[in-house]
Structures are given as C-alpha cells and as structure tokens.
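Chemist: One-letter residues, chain by chain:
Protein chains: 2
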Amino acid sequence: MIFGAIVAGGIGSRMGVSGIPKQFMNLGDKPIIIHTLEKFILCDKINYIYIGVHKDWTVYMDDLLDKYKIDKERIFIVKGGDDRNKTIMNIINGIEKKFGESDSHVIVTHDAVRPFVTLRIIQDNIDMAVSYGACDTAAPAIDTIVESNDGKIISSIPDRRKLYQGQTPQSFKMKKLKNLYENISESEKSILTDACKIFLLKNEPVYLVKGENSNIKITTIEDYKIAQAMVKGEKIEPNFN
Amino acid sequence: MIFGAIVAGGIGSRMGVSGIPKQFMNLGDKPIIIHTLEKFILCDKINYIYIGVHKDWTVYMDDLLDKYKIDKERIFIVKGGDDRNKTIMNIINGIEKKFGESDSHVIVTHDAVRPFVTLRIIQDNIDMAVSYGACDTAAPAIDTIVESNDGKIISSIPDRRKLYQGQTPQSFKMKKLKNLYENISESEKSILTDACKIFLLKNEPVYLVKGENSNIKITTIEDYKIAQAMVKGEKIEPNFN
Numbered sequence: 001m002i003f004g005a006i007v008a009g010g011i012g013s014r015m016g017v018s019g020i021p022k023q024f025m026n027l028g029d030k031p032i033i034i035h036t037l038e039k040f041i042l043c044d045k046i047n048y049i050y051i052g053v054h055k056d057w058t059v060y061m062d063d064l065l066d067k068y069k070i071d072k073e074r075i076f077i078v079k080g081g082d083d084r085n086k087t088i089m090n091i092i093n094g095i096e097k098k099f100g101e102s103d104s105h106v107i108v109t110h111d112a113v114r115p116f117v118t119l120r121i122i123q124d125n126i127d128m129a130v131s132y133g134a135c136d137t138a139a140p141a142i143d144t145i146v147e148s149n150d151g152k153i154i155s156s157i158p159d160r161r162k163l164y165q166g167q168t169p170q171s172f173k174m175k176k177l178k179n180l181y182e183n184i185s186e187s188e189k190s191i192l193t194d195a196c197k198i199f200l201l202k203n204e205p206v207y208l209v210k211g212e213n214s215n216i217k218i219t220t221i222e223d224y225k226i227a228q229a230m231v232k233g234e235k236i237e238p239n240f241n
Numbered sequence: 001m002i003f004g005a006i007v008a009g010g011i012g013s014r015m016g017v018s019g020i021p022k023q024f025m026n027l028g029d030k031p032i033i034i035h036t037l038e039k040f041i042l043c044d045k046i047n048y049i050y051i052g053v054h055k056d057w058t059v060y061m062d063d064l065l066d067k068y069k070i071d072k073e074r075i076f077i078v079k080g081g082d083d084r085n086k087t088i089m090n091i092i093n094g095i096e097k098k099f100g101e102s103d104s105h106v107i108v109t110h111d112a113v114r115p116f117v118t119l120r121i122i123q124d125n126i127d128m129a130v131s132y133g134a135c136d137t138a139a140p141a142i143d144t145i146v147e148s149n150d151g152k153i154i155s156s157i158p159d160r161r162k163l164y165q166g167q168t169p170q171s172f173k174m175k176k177l178k179n180l181y182e183n184i185s186e187s188e189k190s191i192l193t194d195a196c197k198i199f200l201l202k203n204e205p206v207y208l209v210k211g212e213n214s215n216i217k218i219t220t221i222e223d224y225k226i227a228q229a230m231v232k233g234e235k236i237e238p239n240f241n
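In order, the protein sequence lines correspond to chains A and B. Under the numbering used here, residues 1 to 241 are what the first sequence spells out, in order. Under the numbering used here, residues 1 to 241 are what the second sequence spells out, in order.
Hints were generated in silico from the structure; no laboratory data involved. Computed from a prediction, not measured in an experiment: that's the story for all the values here. Hints may be right or wrong, so weigh each one.
The list makes no distinction among identical chains, and a pair is therefore deemed to hold if it is satisfied within one copy or across any two copies.
[Stated by the list, open to error] No farther apart than 35 Å at their CA atoms in a straight line, the calculated lysine-lysine pairs in the DSBU-like style are these:
| no. | residue 1 | residue 2 |
| --- | --- | --- |
| 1 | Lys67 | Lys152 |
| 2 | Lys189 | Lys210 |
| 3 | Lys232 | Lys176 |
| 4 | Lys69 | Lys189 |
| 5 | Lys152 | Lys69 |
| 6 | Lys225 | Lys97 |
| 7 | Lys67 | Lys189 |
| 8 | Lys86 | Lys210 |
| 9 | Lys162 | Lys225 |
| 10 | Lys30 | Lys162 |
| 11 | Lys97 | Lys162 |
| 12 | Lys152 | Lys45 |
| 13 | Lys178 | Lys97 |
| 14 | Lys175 | Lys232 |
| 15 | Lys152 | Lys176 |
| 16 | Lys55 | Lys162 |
| 17 | Lys72 | Lys162 |
| 18 | Lys162 | Lys98 |
| 19 | Lys202 | Lys232 |
| 20 | Lys55 | Lys152 |
| 21 | Lys232 | Lys97 |
| 22 | Lys98 | Lys225 |
| 23 | Lys39 | Lys152 |
| 24 | Lys202 | Lys67 |
| 25 | Lys30 | Lys202 |
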C-alpha cells in the first residue's frame, strides 16, 4: 500500500507571526496545508494520507477538514514528535497499528508548507520508492554554493552542476526506513534533519526525483509573499521606461 | 585606490523578455542598474566606479547616467567581454591604463542585477580585500543541498552548517587577480564562472563577507516580481481566516 505522510509537526516561529503555525495560514482562499493535502488527495495511487501535526493543533486540523469539506475517509491525523523524523516515525507507528507491517508499504513524506508540489512529482516518488526503496525530490541548484569549514575562509566552491536543492517529497519503503532509523544512535538521530540521510548513513542508495523550482517551501514572510503571488496567478509585467 | 566594478556584460536571455537586458529593466522608478550604481556612489571609500556593459549597450548606459542625473565624474563605462571574468579583465585593463598598476589597488566586483547590496556589505568587502587580498560575499545556505555525481543517485548531503550561498561583491587586490588569471590555462578559464575560483585554483585564501538574504540576484521573472515587491516596500499581511 502507498501512504502519504504530510509533516506539519512544527509550530513555526521563523515567520515572525505569532499565534498560528505557518502551515495554517491562508493562501488565497484556504490554508496552506489544505492546498498541500489536496495535491495528495488527487493522486489515486495513494491509499491513505496521514497528517502529523503538533499535539496542540490536532483538533484544529480536524476542524479544517470539516470546514473545507474534505472527505475524511482516506485521512488520518496523528500527533507530531519532537522533530521531523520523530513525526514520521509516529506516522509509521500509526500506519502499522492499523494496516500491519509489510515490506511493500511505501511512505511518501512531504512538508505541509510545500503546497505547490505537483501530481507528477508525487507519482514519480511512488514509482521510484517502489522500484528502488528510497528517493528524494531535488532541483538543480541555482545559486553558487560556497563551502567553509570555519565560517571565515572558503574551503571549496563545489561544481554547481553536481548540486541540487533538496525538496520534498522524500519517499521510502516504510519498513526499511523504520529499521534503519532504529539502528542509528541517539546522538546521530539528534543531528539528522533529513530523512534521506538515514539511508545515506547506512550506505543505502537514495534516487533523485526531478523537482520543480515552483515547489517552494514557505518558511519566511518573503516566501509567503511569493506564494501569494503564485496562487493569485499574478502577472506582473516587466516595465522598461 | 579602491575601484567599484559593476558587471553587466550580459544581454540576459533567461528572463524571457526580449529586447532589453535585464539590468536595464525598471524597478520602481528607475532601472535596476541605476539602483545598483547608486549603492556604490554612496560609498565614499570608492574612488572610481567602472561599469562593464555589452558593446551594443554602452551608449544606452551613458544615456541612462544623463537621464537619471548621475554625476559622471567618478564613473567610467567600458565594453564587456565574452564572459564575466573577461568583463572584469577589461575593466582592470581600463583602470590600469588610466591609473597605472599598483599593488594596493582593490577592485570590488559586483553583479549589476543585485541592486539590494548594502553599504555595509560594500565596506566590509573593501576592508577584507585590503587586509587579506580576496573576499566573497555569502549568506548561510537556507535549502538542503544534495550532491549527485551522476544525476541519478545522491552522493552526499553535505552539512548545511558549512554551506553558504555565494553572492557578490567579490573583491580582490587587482594586480593579484590579474596575475592569477593570466596564469591559468584557456581550458580552465572557459569553465571558470566565478572570479573567486581563480584564487582557489591557485590555493590563495578567499575570506567570507557576511551577505544578506535580501541581496538577491534578479535572474528570472520570479526574482523580478520579488524585487518589485521589495522596492515598493510592499507589506503583504498574512491572513488566517
């Protein structure tokens, strides 16, 4: 079976807006997380969609599903963990309690604050994870990236043609992800901000799925402005004189 | 002496707007390149400012200086070269013809399409280049960066805390930059998109100057939209319900 896992465990402080996690802010006529959820609902290869939200916001999330008339049959809300990977593990535990363990379960993990993910990206994720066990969505890097070990002098400027900006979804054979995660140390876990790194740490291959520059993560107020312009389909014509 | 070098040699095709290079598009009430130039004019540590523009646009550039009533006493326009580094070398040759060679000349090279550079960034560049010979402006990386040698499988996910997004200015002791550049092979020159890499290739240290996320490069139509919002000082209030 294929499971969507929308990760929204955070209570978002970077936006500089108090009171409400950023995934619940409106974009156009509905909250960011509802836009994101609708992309997953569109994909009929996905059997069930889990949403991991901070424990203080599970009731609010459920109310949103009602308010925006989302069919709840395929959707489960679970409590988030202390970090992103722990939220994913909570979701996996929820799935396994309900649907049992299976080598063929695949989980498509996605940031709630990336509402512009496309159906093509989700489908490619499913195909790659089914075929190879793990994949990450990434788009060719635009900026020159500079590496510095001490923050003072440049150590290297890696060849940009080999660099990609990591996005989500990140998709995995669920049981494998869980087993690998359980076999890394607590200190390693505490610094792992990225689920794909769990595979890399254990020398397991992670395949690339082609991302899109439009698949932005809404983290700052600037991102939010861009996202608003994108939702409006705003056309700002360049002017010359 | 300290020289500003505003690099605008391109005729910009990525914007999808034909007819006019992007540095000449208006932001608010004046062209992008005029915004950029004004930042350099503000810095009184800079003795002269050179602008490298494509040969077809030098007259247009000169007309812009008149139109926007820029005092031309400190400003020279020179023809750009085939790539960014060649434009910089044309500027250096222009400077040396007029002011002679000197070990103490410093050049502050900057993208014409980064109009949001700050006076603080320019001044830090000057101080660093005077003290250490070479520096690059960079801001901590926001995105997770993924490395792939073959474009299919992830080779590594470098520690984000060591990664920076390269910006400009990039500033150098002029004579040293020129000497290093003259001592690299033609094939190396052809793949060098970044002036700092000239120093790295020759194992010369390049120091970091703290950039700002607002110091964006206007390359795509999306960048242009963001820049327009920034110039307007547009306040888009988040809305929740």
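Chemist: Does each hint hold? Answer for all of them.
Modeler: Tested hints:
{"no.": "1", "hint": "Lys67 x Lys152", "in the structure": "neither (51 Å within a copy, 42 Å between copies)"}
{"no.": "2", "hint": "Lys189 x Lys210", "in the structure": "both (27 Å within a copy, 30 Å between copies)"}
{"no.": "3", "hint": "Lys232 x Lys176", "in the structure": "neither (41 Å within a copy, 50 Å between copies)"}
{"no.": "4", "hint": "Lys69 x Lys189", "in the structure": "neither (38 Å within a copy, 59 Å between copies)"}
{"no.": "5", "hint": "Lys152 x Lys69", "in the structure": "neither (53 Å within a copy, 40 Å between copies)"}
{"no.": "6", "hint": "Lys225 x Lys97", "in the structure": "neither (40 Å within a copy, 47 Å between copies)"}
{"no.": "7", "hint": "Lys67 x Lys189", "in the structure": "neither (37 Å within a copy, 60 Å between copies)"}
{"no.": "8", "hint": "Lys86 x Lys210", "in the structure": "both (26 Å within a copy, 34 Å between copies)"}
{"no.": "9", "hint": "Lys162 x Lys225", "in the structure": "both (30 Å within a copy, 28 Å between copies)"}
{"no.": "10", "hint": "Lys30 x Lys162", "in the structure": "neither (37 Å within a copy, 37 Å between copies)"}
{"no.": "11", "hint": "Lys97 x Lys162", "in the structure": "neither (41 Å within a copy, 40 Å between copies)"}
{"no.": "12", "hint": "Lys152 x Lys45", "in the structure": "between (49 Å within a copy, 24 Å between copies)"}
{"no.": "13", "hint": "Lys178 x Lys97", "in the structure": "within (14 Å within a copy, 67 Å between copies)"}
{"no.": "14", "hint": "Lys175 x Lys232", "in the structure": "neither (40 Å within a copy, 51 Å between copies)"}
{"no.": "15", "hint": "Lys152 x Lys176", "in the structure": "between (40 Å within a copy, 20 Å between copies)"}
{"no.": "16", "hint": "Lys55 x Lys162", "in the structure": "between (40 Å within a copy, 33 Å between copies)"}
{"no.": "17", "hint": "Lys72 x Lys162", "in the structure": "neither (42 Å within a copy, 43 Å between copies)"}
{"no.": "18", "hint": "Lys162 x Lys98", "in the structure": "neither (41 Å within a copy, 42 Å between copies)"}
{"no.": "19", "hint": "Lys202 x Lys232", "in the structure": "neither (43 Å within a copy, 49 Å between copies)"}
{"no.": "20", "hint": "Lys55 x Lys152", "in the structure": "neither (41 Å within a copy, 38 Å between copies)"}
{"no.": "21", "hint": "Lys232 x Lys97", "in the structure": "neither (41 Å within a copy, 53 Å between copies)"}
{"no.": "22", "hint": "Lys98 x Lys225", "in the structure": "neither (40 Å within a copy, 47 Å between copies)"}
{"no.": "23", "hint": "Lys39 x Lys152", "in the structure": "between (43 Å within a copy, 25 Å between copies)"}
{"no.": "24", "hint": "Lys202 x Lys67", "in the structure": "neither (43 Å within a copy, 62 Å between copies)"}
{"no.": "25", "hint": "Lys30 x Lys202", "in the structure": "neither (40 Å within a copy, 54 Å between copies)"}
When each numbered hint is compared with the structure, violations occur for hints 1, 3, 4, 5, 6, 7, 10, 11, 14, 17, 18, 19, 20, 21, 22, 24 and 25.
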